[in-house]
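Asker: Going line by line, the protein sequences match chains B and V. Here the numbering used here is used: position 125 in the first sequence is 125, and no number is missing along the way. Here the numbering used here is used: position 43 in the second sequence is 43, and no number is missing along the way.
There could be a bad hint or two in this list.
Claimed, not checked - Below, simulated SDA-like cross-link-like pairs (lysine to any residue); rule was C-alpha separation at most 20 Å, straight line: (1) B:Lys64 <-> B:Gln10; (2) V:Lys3 <-> V:Ile21; (3) B:Lys2 <-> V:Phe15; (4) V:Lys20 <-> B:Ala36; (5) B:Lys2 <-> V:Thr2; (6) V:Lys24 <-> B:Ala36; (7) B:Lys2 <-> V:Lys5; (8) B:Lys2 <-> V:Leu13; (9) V:Lys20 <-> B:Val38; (10) B:Lys159 <-> B:Gln135; (11) B:Lys2 <-> V:Lys20; (12) V:Lys3 <-> B:Ala36; (13) V:Lys5 <-> B:Ala35; (14) B:Lys145 <-> B:Ile102; (15) B:Lys128 <-> B:Ala35; (16) B:Lys2 <-> V:Ser14; (17) V:Lys3 <-> B:Gln139; (18) B:Lys64 <-> B:Ala7.
Stated by the list, open to error - Stretch-level coverage of chain B by chain V, calculated; a stretch enters the list once three of its residues show a Cβ under 8 Å from a Cβ in chain V: (19) 16 to 30; (20) 35 to 41; (21) 94 to 108.
Since the hints were made in silico from the structure, they are not lab data. From the three backbone atoms N, C-alpha and C, an ideal C-beta is built for every residue, glycine too.
Here's the letter readout for the chains.
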Amino acid sequence: MKATLEAINQMQADGVIGKYAIGGAVGATFYLEPAATVDLDVFVTLPVTRGGLLSLQGIYDYLKTRGGKVEDEYIVLGGWPVQFLPSGNDLEQEAIAESVAIALEGVNTWVMKPEHLVAIALRTGRSKDHIRILQFTEQGAVDRKKLTDVLNRHGLTSKWEQFERKYLEGHL
Amino acid sequence: MTKPKLRARLAALSFSEKVKILEKLRERSLAIAAAGLRSTRRGSGKVIEGKVVQKDAE
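Input sequences plus hints: build the corresponding full structure.
Answerer: Okay, structure coming up:
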């Protein structure tokens, strides 16, 4: 993964992407026990095109000329399939902006805070996202006050209450 | 060791150590898929090359 992160940092240095943060299963692994995943989710801010649309074309063009391999929705970098996810809402933009700077084997990178990982998982809402939220809560890896603030700020309070009723009542 | 204790011990590892485990888990997953036991692909990819239409974080 070191080579993967070096490639992403180079993309940032070359202006292909703006600020980025690791989310998804790899991001969660920073706070929890490792969970099997096939890819690396990288949330990015992108330059806006002339038409005003967010586009990954710049990333694809950049990486193709450098030997990058496109596989479905992934781009393989340093052996890891990477999914670039442009921040599409205020929650994701905040998650990127407030991400935590870390170093992996000497390579600087950014990981989302646990409260943002949980909020994004809640919004995404698949079974595996719910499992991940439960891992965060059961292991005390999320600050409940900060999480409440994030959920309120991004209109997820009602969804969280539904989640609590379904999965957490009687367990916390 | 109980399962909660094992999970806590794994969670307390450094990120570098966790990433090594992630890479082993991924290799195992790919080996299983290569043996035809299951697919490596997620079924809900929402990104068409060059055009983002929806997030689908793992």
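Asker: Going through the numbered hints above, which ones does this structure break? Give me the numbers in ascending order.
Answerer: Hints 5, 7 and 14 contradicted; others consistent.
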